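Use these hints to put chain B onto chain A, whose structure you have.
Spelled out, the chains give:
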Amino acid sequence: MSDDFLVFMMGKFEAKFPTDRLFAKNHCWAMPTDRGYRFGFTAYAVRLLQDVYFLEWHVDEGAKISEGQEIGFIESSKAESELYPAIPGVLARLNPELMSDPSRINVDMYGEGWLYEIEGSGEALLKPDAYLEHLASVWEVTQRTIKGQLNE
Amino acid sequence: MPKRLTVVVSQGQSNNPAKRKLEEDIVAALLFEPGIEVTIVPHLYDLKGDGPGMMGLQAITTDFVVLSWLYERATRWTLDRNNIRGQVGTTLLVHESDDEEDDLLDEPEEEDKLRVVDNRPLPKRMIFCIDLRVSNQVQDYVDEVKRIHGELSTQVVQLGGLGSAPSPTPEQLARVENPTNDTALKDGGELERPVEIIEPIRLEENAARRWYPVIDYSRCTNCMECIDFCLFGVYGVDGAETILVEMPDNCRKGCPACSRVCPENAIIFPQHKTPTIAGSAEVAGGGLKIDLSQLFGKPKEDEKSLDTAVRERDEQLLLAGREAVGTAVGVPKRQADNEDREKDDLDDLIDAVDDLDI
Chain A
1 MSDDFLVFMM
11 GKFEAKFPTD
21 RLFAKNHCWA
31 MPTDRGYRFG
41 FTAYAVRLLQ
51 DVYFLEWHVD
61 EGAKISEGQE
71 IGFIESSKAE
81 SELYPAIPGV
91 LARLNPELMS
101 DPSRINVDMY
111 GEGWLYEIEG
121 SGEALLKPDA
131 YLEHLASVWE
141 VTQRTIKGQL
151 NE
Chain B
1 MPKRLTVVVS
11 QGQSNNPAKR
21 KLEEDIVAAL
31 LFEPGIEVTI
41 VPHLYDLKGD
51 GPGMMGLQAI
61 TTDFVVLSWL
71 YERATRWTLD
81 RNNIRGQVGT
91 TLLVHESDDE
101 EDDLLDEPEE
111 EDKLRVVDNR
121 PLPKRMIFCI
131 DLRVSNQVQD
141 YVDEVKRIHG
151 ELSTQVVQLG
161 GLGSAPSPTP
171 EQLARVENPT
181 NDTALKDGGE
191 LERPVEIIEP
201 IRLEENAARR
211 WYPVIDYSRC
221 TNCMECIDFC
231 LFGVYGVDGA
241 ETILVEMPDN
251 CRKGCPACSR
261 VCPENAIIFP
271 QHKTPTIAGS
281 AEVAGGGLKI
291 DLSQLFGKPK
301 EDEKSLDTAV
311 RERDEQLLLA
321 GREAVGTAVG
331 VPKRQADNED
341 REKDDLDDLI
351 DAVDDLDI
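Order-wise, the sequence lines are chains A and B. Going by my numbering, the first sequence opens with residue 1, and the numbers climb by one from there. Going by my numbering, the second sequence opens with residue 1, and the numbers climb by one from there.
With the rest of the complex left out, here is chain A (with noise of 0.2 Å):
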């Protein structure tokens, strides 16, 4: 991670964003590699999630999967989610590492801890200050869905 980055407060934590990538709209954060991106959780995702304790995908690498496509699921301490492509495109590759041990997510989340590659246009991404805006305008839509689910 690099030395730059942008908090946003969630609540009383605080969430850092490294400026050297872009992110996507379901919190994860994207490096350019060869033919796409590099894909994996942001802080924001990470700390709602917290201790993450289980994680599969149901798609194989070179799969072609699609927008609100379900590609995975993840189980943590505190949430559980279906996990969808940040960007459609080629699934290229599967962090070998998450396999064994998803926590790494935890420990690195801008780094080793990655998710996924994907082969395909990343216009749909959004720059650090974007992404920020972003976050301000649904964290209250995010802390209702946490309330929420009471009464689902």
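Derived from the structure by calculation, the hints contain no laboratory data. Since this is a predicted model, take the numbers as computed values, not measurements. It cannot be assumed that every hint is accurate.
[What the hints assert, rightly or not] No farther apart than 30 Å at their CA atoms in a straight line, the calculated lysine-lysine pairs in the DSSO-like style are these:
#1 A:127 - B:298
#2 B:298 - A:12
#3 A:64 - B:113
#4 B:298 - A:16
#5 B:113 - A:25
#6 A:25 - A:12
#7 A:12 - B:113
Same frame as chain A, but now just chain B:
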């Protein structure tokens, strides 16, 4: 000195032998505890408001512990709707959850919201609710009841020790030395019970299964969304304009729609399969986890709980031979996400009428 404590065992709805055995084993183990009286009732939630079960419980004026096959909140507020009230006793025998403080959420802004219970003073006596599904070990319940009993008894000693009570007279002390009755404290400090009452009190009632909402007034803000939403006339208001479940048996069996509509999650259906609707105190952690799928990119499919509530209500309307209404009736205003706007003349007029307080 052991304080009197009543332990109420609320039986399971079915005659499940494993449940019955747990209940009876607990009763048997507590029966000989000095200072503890045991009362057995059919399933608390199914008891009629004017039936022998509820009336028997209403007659209890002391601290008491309720063991039931319900979440603690469901038990507490089922009692509350039958005017059986007291301070919330803290039991240590609860469903596993992680109580780790979560500083993630912004400071809850609803702290200043007035809850119905804030205007409703509770009697001093303590009520402890324990869910019989927490453990299948008889000893866990017996130990917890004894712990509560000990705690209550200790508190009495402390209060007496504050100096407000006058010192006993020499005559009183002499009477303690040489008791003249057979319920006096023995040397070991144990209360001896007359032999003839070591039977539990059994309040029999032919309790058919019921289905109705129970309001948690520590959450309810009296916003009236439930009364607007329910089209079966379950809800009403009391003399003080406070929401209440007026016609519980008008409720449609299996329908928890109003509970989903309630913005404070204050409506409990104790028999619903979803823990949070059945009165679980869980938010996150423990058995129930937050689903972050929407945040992580799940395509928006519906408005979730409101849509479910509308669908469930329509199903019940059709079953009752009425017409489905969809979202046309009683859908909460908050869902419309009205934008704030300047008050116009009509608003001012309405405010003025409100202020008249007629």
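Hint-by-hint comparison with the structure:
Taking the CA atoms of residue 127 of chain A and residue 298 of chain B, the gap is near 22 Å; set against the 30 Å cutoff, the hint holds. Distance restraint check for residue 298 of chain B and residue 12 of chain A: the Cα-Cα separation of roughly 27 Å lies within the 30 Å cut-off, and the hinted pair is therefore satisfied. This hinted pair does not check out: residue 64 of chain A and residue 113 of chain B have alpha carbons roughly 50 Å apart, beyond 30 Å. As the CA atoms of residue 298 of chain B and residue 16 of chain A are separated by approximately 24 Å, the hinted pair is consistent with the 30 Å bound.
For the hint linking residue 113 of chain B to residue 25 of chain A, the alpha-carbon distance of about 34 Å lies beyond 30 Å, and the restraint is violated. For the hint pairing residue 25 of chain A with residue 12 of chain A, the CA-to-CA distance comes to about 22 Å; that is within 30 Å, so the pair holds. The suggested pairing of residue 12 of chain A with residue 113 of chain B holds, with an alpha-carbon distance near 22 Å, which does not exceed 30 Å.
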